[in-house]
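Chains as they are written, first to last, in the numbering used here: chain A, 1 to 533; chain B, 1001 to 1277.
Incorrect hints may have been included.
What the hints assert, rightly or not - Beta-carbon label-pair distances, calculated as ranges:
#1 B:1162 x A:420: 17 to 25 Å
#2 A:84 x B:1197: 38 to 46 Å
#3 A:344 x B:1197: 46 to 54 Å
It should be emphasised that the hints constitute simulated quantities derived from the structure, not laboratory data. Just so it is clear, the structure is predicted and the values come from calculations on it, not from any experiment. All residues carry an ideal CB built from backbone N, CA and C; glycine is no exception.
These are the residues of each chain, in order.
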Amino acid sequence: MSTTLAIENLSVALPQGADRALALEGVSLTLRQEEILCVVGESGSGKSMTANAIMRLLPIGVGVAGGAIRFEGRDLLALPEAEMRHLRGSRIAMVFQEPMTALNPLRSIGDQIGETFRTHTSLGRAEIERRVLGHLEEVRLPDPRSAARAYPHELSGGQRQRAMIAMALALEPTVLIADEPTTALDVTTQAQILHLIRDLQRKKGTAVLFITHDFGVVGEIADRVAVMQNGRLVEEGRAADVLDRPSHAYTRMLLAAVPPLAAPPARPVSAETALNIDGVSKTYQTRGSGLRKRSTLALDNVTLSLPKGSTLGIVGESGSGKSTLAKCLVRLLTPDTGAIRMNDVDLAHLSRREAKQATARIQMVFQDPYGSLNPRRRAGELVAQGPIAHGIAPEDARARAKSLFALVGLDPTATERFPHEFSGGQRQRIGLARALALEPQILVADEPVSSLDVSVQAQVLELLKQLRARLGLSMVFITHDLRVAAQICDRVAVMKDGRVVEEGLAADVFSAPRHAYTQALIEAIPRRRQPLF
Amino acid sequence: MTGFFRLYARSPSALVGLVLLLLVIAMALTAGLFFPKNPLALAGPPLLWPFQDAHLWLGTDNSGRDIAAQIFHGARISLLIGLAAMALAITIGIILGALAGFYGGIADDILMRITEAFQTLPNFLLLLMLVAVFGSTLTTVTIAIGLVSWQAPARLTRAEFLSLRTREFIQAGRTIGLGDATLIFREILPNALPPVIVYASVVMAVAILLESALAFLNLSDPNVASWGNLIGLGRAVLRTAWYVSAIPGIAILITVLAVSLVGQGLNDALNPRLRGR
Chain A
1 MSTTLAIENL SVALPQGADR ALALEGVSLT LRQEEILCVV GESGSGKSMT
51 ANAIMRLLPI GVGVAGGAIR FEGRDLLALP EAEMRHLRGS RIAMVFQEPM
101 TALNPLRSIG DQIGETFRTH TSLGRAEIER RVLGHLEEVR LPDPRSAARA
151 YPHELSGGQR QRAMIAMALA LEPTVLIADE PTTALDVTTQ AQILHLIRDL
201 QRKKGTAVLF ITHDFGVVGE IADRVAVMQN GRLVEEGRAA DVLDRPSHAY
251 TRMLLAAVPP LAAPPARPVS AETALNIDGV SKTYQTRGSG LRKRSTLALD
301 NVTLSLPKGS TLGIVGESGS GKSTLAKCLV RLLTPDTGAI RMNDVDLAHL
351 SRREAKQATA RIQMVFQDPY GSLNPRRRAG ELVAQGPIAH GIAPEDARAR
401 AKSLFALVGL DPTATERFPH EFSGGQRQRI GLARALALEP QILVADEPVS
451 SLDVSVQAQV LELLKQLRAR LGLSMVFITH DLRVAAQICD RVAVMKDGRV
501 VEEGLAADVF SAPRHAYTQA LIEAIPRRRQ PLF
Chain B
1001 MTGFFRLYAR SPSALVGLVL LLLVIAMALT AGLFFPKNPL ALAGPPLLWP
1051 FQDAHLWLGT DNSGRDIAAQ IFHGARISLL IGLAAMALAI TIGIILGALA
1101 GFYGGIADDI LMRITEAFQT LPNFLLLLML VAVFGSTLTT VTIAIGLVSW
1151 QAPARLTRAE FLSLRTREFI QAGRTIGLGD ATLIFREILP NALPPVIVYA
1201 SVVMAVAILL ESALAFLNLS DPNVASWGNL IGLGRAVLRT AWYVSAIPGI
1251 AILITVLAVS LVGQGLNDAL NPRLRGR
């Protein structure tokens, strides 16, 4: 197969004061005709920077320091801006991670796809309309006609990504660059989009540069794989070779950190229950009057119990109500009906004052390591705040914060630093220390590892397991990622549209799912199917 | 702090603003030193043009008072009114905006309707009414200016609170049992403050202008040497001795410009999204 796009010894310089001088250091890659090349790496590896360098869409202050990008016999880096603009969209197209922000919210989908034709071709209106519909049909949007008239917010995340792909492929480009195109999507939608990209790639013979952090996705879609670390290419080869016989230590480490889908054998759990969720329902009402008033049933009669010292996983896709349930447990939301019993106290029916005392025993770890810590407070203060609010002397609370830092594997002298001075994984440890500062019996963890790199994910999960044993914690672990759930949960509840559709021992649910939805979820997890060649 | 100053000092116009503002402050501080006598006392012949007399280098007004002395002492009055009125307006604005934004619902509806009621009245007319009712001493004028300037800071604070209160760190604060007052003043407010601080410079500039406008209409405190009073006085002799109005006019222009430039500089330095451009 001949080479379509060749990156030769590319270096990209970061502005002064960044954590390293070069975002990319001597990267050489070739993308061949009719293949999918996956570029994998953790955050900061330079994989997105590579894509942006090809499109000449580098952030302000970041510039190419050396090398060449050859495409159809020309060096893209030396091309005048006007020619580059002509190439973008027509010869090289790009699909982004978040279709909601990549689409213009004020214009209809059909109008935005049509714009590609209006910019790059001289087709008539009727012809453009015909082609737009054809492309929307090709990406298997149900009812292409109404999709063309729809605005971005009227479509679901998966539909928006389909529209983005239709737009990118509109002019039949030779190269498609996809930057984490399925990361923001639910697992079942992700599976559909991956299939779609592969089918269209085969049909049209496009060369695809697919950027991802997920080795499951790599196994699903890649012909060849390139692994990046800290701006360098560490390994490149055929997918089967790299996945089965990784030659570089970093690749081996990344592959080892991907959790297996099978749950470990069940641990013996206590017969006592730490938490009883009994018939909890919650309806969201949107503000408005008369006909405009809408209500959504977020939790529908959820009944679950958490054995003492165990972990109950709650898995589901976005909109399944799993986060609403977490918020009800810590009384960020008050359930409409039902009871949440901990030590014979019904948390759902306490006054605000009583709830403040009771919820010290049930604490929460949040998803976003960036958004869940107040950027203007020192790390130690963040941890000491809770005990101080519950009447502990500030000096004692600060001393406890230091010992908690040690407990969660942080340097106790780091309490004086601000959140932005920590990495994502370290911030998640601060959040954990904050929750543990009130000595809770139950920890509610809402997607605690979802925004972390896979190697850091493994470390945080290991820490949670250790703490569970050491402090005798019971845990409610909310996640969309079944692999993660399999690692840490004793029992698993699968939620869909506010209902629990299946609940049981983790090993049972993963090896022999009973409900059709659970089966679909497990089937959709990206992984290697058959040998590719 | 030095890091912040370096960030601020990257913009030349912000530095110019800071230098001008320091100059005005220096004038206010040294007024008693250079002009120890009452600035409203007679000092020489009326309508003496500037640079005619070494002792009265900016000349005299229609009743023979030293313009330079009035300009220096007027800097005190203008800065005092600007700062005090701004502090009042920002305090009211932050409290109402914070309550409306944090609690939402009915509290938000009531507070915002009150804010809108104030906003629909032209603030200068409201100011005239307040001064007409409560008299025009320095204190009442300052309070009145503060009372007509809090609406925009209130809306700004509310908008910041509306977006910050749903953030995860606020939810985290709730789950560890922090009270509402702590959440509002110690958790959200420090994060909401930068745009409000920047807007405070606008409020201060407008406050200085409002006082001058009142003085021009002879409605400000006549017993203090304010720039506005001097402009109002010069109005009668605008054709023959334009400098009487022009000199305090330039002083006001420089002060308002300085405050605005400093505000713009603060905005650029406090807004992380503009960094690196």
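Taking the hints in turn, this is what the structure says about them:
1. At roughly 24 Å, the beta-carbon separation of residue 1162 of chain B and residue 420 of chain A lies within the given 17 to 25 Å, and the hint holds.
2. Checked against the hint of 38 to 46 Å, the C-beta distance between residue 84 of chain A and residue 1197 of chain B comes to roughly 42 Å, which is consistent with it.
3. Between residue 344 of chain A and residue 1197 of chain B the beta carbons are some 50 Å apart, a value that agrees with the proposed interval 46 to 54 Å.
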